[in-house]
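S.K.: What follows is the residue order along each chain.
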Amino acid sequence: AQKVTQAQTEISVVEKEDVTLDCVYETRDTTYYLFWYKQPPSGELVFLIRRNSFDEQNEISGRYSWNFQKSTSSFNFTITASQVVDSAVYFCALSGFNAGKSTFGDGTTLTVKP
Amino acid sequence: GAVVSQHPSRVICKSGTSVKIECRSLDFQATTMFWYRQFPKQSLMLMATSNEGSKATYEQGVEKDKFLINHASLTLSTLTVTSAHPEDSSFYICSADDRGSEKLFFGSGTQLSVL
Chain S
1 AQKVTQAQTE ISVVEKEDVT LDCVYETRDT TYYLFWYKQP PSGELVFLIR RNSFDEQNEI
61 SGRYSWNFQK STSSFNFTIT ASQVVDSAVY FCALSGFNAG KSTFGDGTTL TVKP
Chain Y
1001 GAVVSQHPSR VICKSGTSVK IECRSLDFQA TTMFWYRQFP KQSLMLMATS NEGSKATYEQ
1061 GVEKDKFLIN HASLTLSTLT VTSAHPEDSS FYICSADDRG SEKLFFGSGT QLSVL
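The listed protein sequences correspond, in order, to chains S and Y. Note that the working numbering has the first sequence beginning at 1, numbered continuously upward. Note that the working numbering has the second sequence beginning at 1001, numbered continuously upward.
It should be emphasised that the hints constitute simulated quantities derived from the structure, not laboratory data. Check each hint, because a few of them may be wrong.
Unchecked claim - Not the full set, but computed from the structure, chain Y residues with beta-carbon under 7 Å of chain S:
#, residue
1, Ser-1043
2, Val-1062
3, Lys-1103
4, Ser-1108
As the list claims (entries may be wrong) - Calculated pairs, DSBU-like style, for lysine-lysine (alpha carbon to alpha carbon, straight line, at most 30 Å):
#, chain 1, residue 1, chain 2, residue 2
5, Y, Lys-1103, S, Lys-101
6, S, Lys-3, Y, Lys-1064
7, Y, Lys-1014, S, Lys-3
8, Y, Lys-1041, S, Lys-38
A virtual CB, placed ideally from N, CA and C, is assigned to each residue, including glycine.
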C-alpha cells in the first residue's frame, strides 16, 4: 500500500521568510510519481510539480524548489521569500503511472502573514 | 494551459433529491477523469475513475448506486449523487489527466450541502 505523510499540519511564517514543507512517502513500486499541489481558499487544486522516481535532480522554479531524496523517501518543497499569496493548503501526492489514482497526504496549511 | 471546468461550484439541496455535477476538459480530450471527495480540513479521497465509453471504476467503500458516474464523451464526465442525505455533504472535485503534458488538472470543486 502507498502512504504519504505530511507531518506539518499547519505552518505560519512572516512574509519574506523561507519555508519548507515536508513530505515522506512509502511505496513498494520501483516506478512511481510524486506531486505537489496547491489548494488556495477558492478550492481548486493547482498542479505545481510532477517528478518520477528515476529523476532525483532537484528542481527550481522561481521561488519554488523541490528536494527529492530517494534514500530517505522524501520530497520536500521549499518556498523562498514567501508572500501572502502563497497562503494555501499544500498537498503532496504519490501515484503509479496513473496520476489520477494518487494517494494524497493530509496537507499542510501554510499561512504567510504580512 | 489545459483547463477543467466543474459546475456547479455550490449546490444546496433537500434530502432525498439528486444532484448532478459536471466536469469538462476544455481544451484536451480526457479518456479518463477522476472524482474525489474532500471533507473540511482533510485530504482528497479518490471515489472513482471515470472511463469514456465504459463503466466507472469505484474505490472500495464507495457505493456505485449512490454515486452515478457517466463519461459520455471525451470531454465530459458527470457525477450524480442520488437520493442525497446530509452525510453526503462534502466538497467534490474532479480531475482529468492530460497525457500530452503529463499533468493532472483539477476542476474548481463543488460544495454540496444537503439539508
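S.K.: Take the hints in turn and mark each one as holding or not.
M.R.: Tested hints:
1. Ser-1043: holds, 4 Å
2. Val-1062: For Y/Val-1062, the interface hint is violated, since the closest Cβ of chain S sits about 13 Å away, which is over 7 Å.
3. Lys-1103: Hint on Y/Lys-1103: holds, closest Cβ of chain S at ~5 Å, below 7 Å.
4. Ser-1108: holds, 4 Å
5. Y/Lys-1103 / S/Lys-101: holds, 13 Å
6. S/Lys-3 / Y/Lys-1064: Roughly 25 Å between the alpha carbons, so the hint for S/Lys-3 and Y/Lys-1064 holds.
7. Y/Lys-1014 / S/Lys-3: violated, 37 Å
8. Y/Lys-1041 / S/Lys-38: holds, 14 Å
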